[in-house]
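Protein chains in written order, with the working numbering: chain A, 1 to 287; chain B, 1 to 287; chain C, 1 to 287; chain D, 1 to 287.
There may be inaccurate statements among the hints.
Same chains, same label: a pair holds when it works inside one copy or across any pair of copies.
Listed next, the in silico BS3-like pairs over lysine-lysine satisfying Cα-Cα at most 30 Å (straight line) [what the hints assert, rightly or not]:
id: 1; residue 1: K282; residue 2: K7
id: 2; residue 1: K7; residue 2: K206
id: 3; residue 1: K185; residue 2: K7
Rather than coming from a laboratory, the hints here were simulated on the basis of the structure.
If you want the building blocks of each chain, they are given just below.
Number of protein chains: 4
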Amino acid sequence: MSPTAGKYILTISCPDTTGLVATVSGFLRDHACFIDESSQYGDPATQRFFMRAVFTPSAASPSAEEIGKRFAAVARPLDMTWDIVPADRRPRVLIAVSKIGHCLHDLLHRWQAGQMPIDVVGVFSNHEDMRSIVEWHRLPFHYLPITAATKETQEAAWLNLVDKTGADLVVLARYMQVLSPKTAKLLSGRCINIHHSFLPSFMGAKPYQQAYARGVKIIGATAHFVTDGLDEGPIIEQAVERVDHTHSVADMVAVGRDLENVVLSRAVRYYAERRVLQNGQKTVVFR
Amino acid sequence: MSPTAGKYILTISCPDTTGLVATVSGFLRDHACFIDESSQYGDPATQRFFMRAVFTPSAASPSAEEIGKRFAAVARPLDMTWDIVPADRRPRVLIAVSKIGHCLHDLLHRWQAGQMPIDVVGVFSNHEDMRSIVEWHRLPFHYLPITAATKETQEAAWLNLVDKTGADLVVLARYMQVLSPKTAKLLSGRCINIHHSFLPSFMGAKPYQQAYARGVKIIGATAHFVTDGLDEGPIIEQAVERVDHTHSVADMVAVGRDLENVVLSRAVRYYAERRVLQNGQKTVVFR
Amino acid sequence: MSPTAGKYILTISCPDTTGLVATVSGFLRDHACFIDESSQYGDPATQRFFMRAVFTPSAASPSAEEIGKRFAAVARPLDMTWDIVPADRRPRVLIAVSKIGHCLHDLLHRWQAGQMPIDVVGVFSNHEDMRSIVEWHRLPFHYLPITAATKETQEAAWLNLVDKTGADLVVLARYMQVLSPKTAKLLSGRCINIHHSFLPSFMGAKPYQQAYARGVKIIGATAHFVTDGLDEGPIIEQAVERVDHTHSVADMVAVGRDLENVVLSRAVRYYAERRVLQNGQKTVVFR
Amino acid sequence: MSPTAGKYILTISCPDTTGLVATVSGFLRDHACFIDESSQYGDPATQRFFMRAVFTPSAASPSAEEIGKRFAAVARPLDMTWDIVPADRRPRVLIAVSKIGHCLHDLLHRWQAGQMPIDVVGVFSNHEDMRSIVEWHRLPFHYLPITAATKETQEAAWLNLVDKTGADLVVLARYMQVLSPKTAKLLSGRCINIHHSFLPSFMGAKPYQQAYARGVKIIGATAHFVTDGLDEGPIIEQAVERVDHTHSVADMVAVGRDLENVVLSRAVRYYAERRVLQNGQKTVVFR
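Looking at chain A on its own, in the form it has when it is part of the complex (with noise of 0.2 Å):
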């Protein structure tokens, strides 16, 4: 049996006030269910508060669907924006990658091993290059090649496989294409995108030329939620490795391959698992 069977994931960001804690946690005791994690935040800053609790109900527990209605009643004049779902419910995601293969193949290889919670729609690309690997792991591949002058019908024809795919998140596994702004916006918050270097450092394209010019000692990749801003969006995770001087710029973009890999899947398991809730132009990530 899943370690996640029968659980269920609470997550609320609010303004923070006191008693927030005692409020939630009071709940669900009142409603039988047993808390397994609890992680909180309130940011001093924003004064705004984050919370997710995985919680077992018990058989003395009303029902989902029933707990769910009496807690809106509770998080109605709090103003709590919150979520609640079965821990085992996958993410629908839909990958998107261009010429360079590791990340897709890395998450698909997760994915298919049983070691990443998500459920993989599809892959579209503007190249042929990934068809069989994708075809592989008997998942759909749509080929959407891309021009400047075609930019907007192709964008259209993608999120239209989001939309009949039903597809929660879309994950930008080295697609080397930016999103129009109104893309970006549409999909804010559900597009999380690989950038080749440790943001701030090095925006925009070929971060790695852009280390080695620098003579960096330690080279890093991020990944982030899409913004309209290039590589501007909120972060979240990062990891690094060091460099010397006797890296070429081929050196660092092999390095740079499992960076990559190890940080964007993290990053999409922390969104399955829902740990990643944004707060303004940063995330809180409960790890």
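Keeping the supplied structure of chain A fixed, place chains B, C and D upon it in accordance with the hints.
Just chains B, C and D now, kept in the frame of chain A:
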């Protein structure tokens, strides 16, 4: 004003059951206390629950003494081990050192620079080497030489110091003497040692020589509570650094110094901020 | 064109003495070879000298065969163990796996994506689980079940494979069988294992369970040459990651997967690029 | 006896060409010198060659002075920038600090404990705060206040100190004044600064506040040579540490202190051991 002024820290360890967070947070809300921070953890293996909450009473709250009295009534039936202390109460710390001074120096500098929330009440040593720096810090230096024959007397002498100074914590900052089982037991949970290896690798004497001989590619340092098993107490913090074939034992010692400083100072700070709770032979550290 | 085309790698291990670098680099200059990279190390403890040089012959150089013949005359009186191979010669690698596939999958992806300078000649396993992914990569999969009674026969079967495929290296990519001392000895310096702990901590079975039980704050993985002492062979590479009290054994296993992939693939790449030289029970790794 | 006694360090930077290692190592062998360590690097981008060798003359070697004279004849036609110095010659170091003392304190402790191969010739500051610890170390403390109006005079005053003390290196150990372009240029390659961010992220003032505002998950510190571009000089060393949403600016400052100490002390040690060679806007660091 200190960021901890007016705040209190509540720590709890007890058998896990439904409703604990609700009980505690409900108690705080009912006494008009705002929760600044709260962390909790239920260990599925031992079925024990651990909690640390930082809270701020308001004008409507009773006195801290009264809050404590009332919480005792809540805690007793739940079999809680608990404590409520002012967040700005600094533990009194007695430091032990032998001839190698970097950890002592580092701790004293952090303390003197206001970066370490402890009150250092003195330093004892089986050697005279560190007298000068200790006295520059205007701290009492107790020279307590030791031989196999005088071990019992020497330990009695500094245990007497612990009593007289009201020390809450003894920090072995590269004190190169193994405590007698009796003394280790007496100081259970109140004595932190820095071991210069990544435990459980290389227990006992000369860990850097052992690491060199084994040809490891990474070395480490470990801060742990002292128990009567040599280097086997609950681990509080560890850190590591890369080495390679060019590192002599002396090079490893040099790399290790920085690790030891960082690891020991973190462990002492976690203790001082009441972030460390013992869980059998392990620790829960709410970082 | 490959960055290694037309280059050669010279590796040397010999007793240390004055003038070795001069002898070797003078030899290369006298044969009109440009040194692209050169690393050397004299171990003060063992008085042995190690060197790795990448060089490019010019139009004025004799043939590689002739260079080798002449170098042999230089090397003999200095008691050198040495080798000169084309830098683009890929070692032939036979991979062993049991049921857990992440290391295999990772190696095969790197190989197939052109990121790993090896020729994979096949995979053998005592289970059928990995057949599909191996065959998708169009590689022969050899199912060689094993029991206590058949251990000798089974080892003979895959040692025969080593011979037939001309494998230079056997990689145990989570192959959960201890090799017999005879086989370990036969493959001395040609067989790399990934152990899922930060050796020498947690040798033997179930290292993550051991790490969990001990309450360490950092876990690791180690790639090493196989010898007849279990998990005691010369260490090639290690890496670590932080964990804390909230990590279950399953969580540690998940964190460890990424470590194992990175560590094993680095070790194999170092081997393939002839960066690893054995120095008794230790290694010199010219990274 | 010091491990460096009787040894010399040769450093070279010159246009790359075939036979350089042979020429240099042949020269040393022909003068009966044993090479203890040797590192070299040819930068394919700039076509420059860099080398650092530690060697020990024997009874059969000429004097160091004579070796130098003869090497000059070898070096001239190859257009080498080079130096031969006794390995135990410690650079003379003048330290600058403002009000924040951890880097100063750390450097002085390492120096006083014999862990840092430098001779500290004094400390200057635009504030009085650090006088006491400097004088406890029996070092001259020079109080040189500065205003916009007196910047030129103040810089002249400490440049005069550099001359009078024969300082080889000026270390800006959290000296919170930007040097004038003229002074930066004058001290080119002889002045190391610690910047409290992972450059090129967060150049300029208040980097921890910038890091906090951006919501990065990792912070860092950078030691670099000072040039007239603010925080743009060649990077010598960097290090990083994880943070998360719970870290206030003050928490980041606290984490950063340890990073700054480690990074700055490494950079100064690399410089003192002549491991750092400038390569245009980058560095070669033979660690």
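* To do: If the cutoff is 30 Å on CA atoms, where do K7 and K206 land: within, between, both or neither? Let me know, please.
  => Between. Shortest inter-copy distance 28 Å satisfies the 30 Å Cα cut-off; intra-copy 44 Å does not.
* Homo-oligomer pair classification [K7, K282; C-alpha up to 30 Å] -> Answer is both; intra-copy 28 Å and inter-copy 27 Å each pass.
* Could you place K185 and K7 in one of the four classes (within, between, both, neither) given a Cα distance threshold of 30 Å? => neither (32 Å within a copy, 42 Å between copies)
Comparing the model with each numbered hint stated earlier shows that hint 3 is the single one that does not hold.
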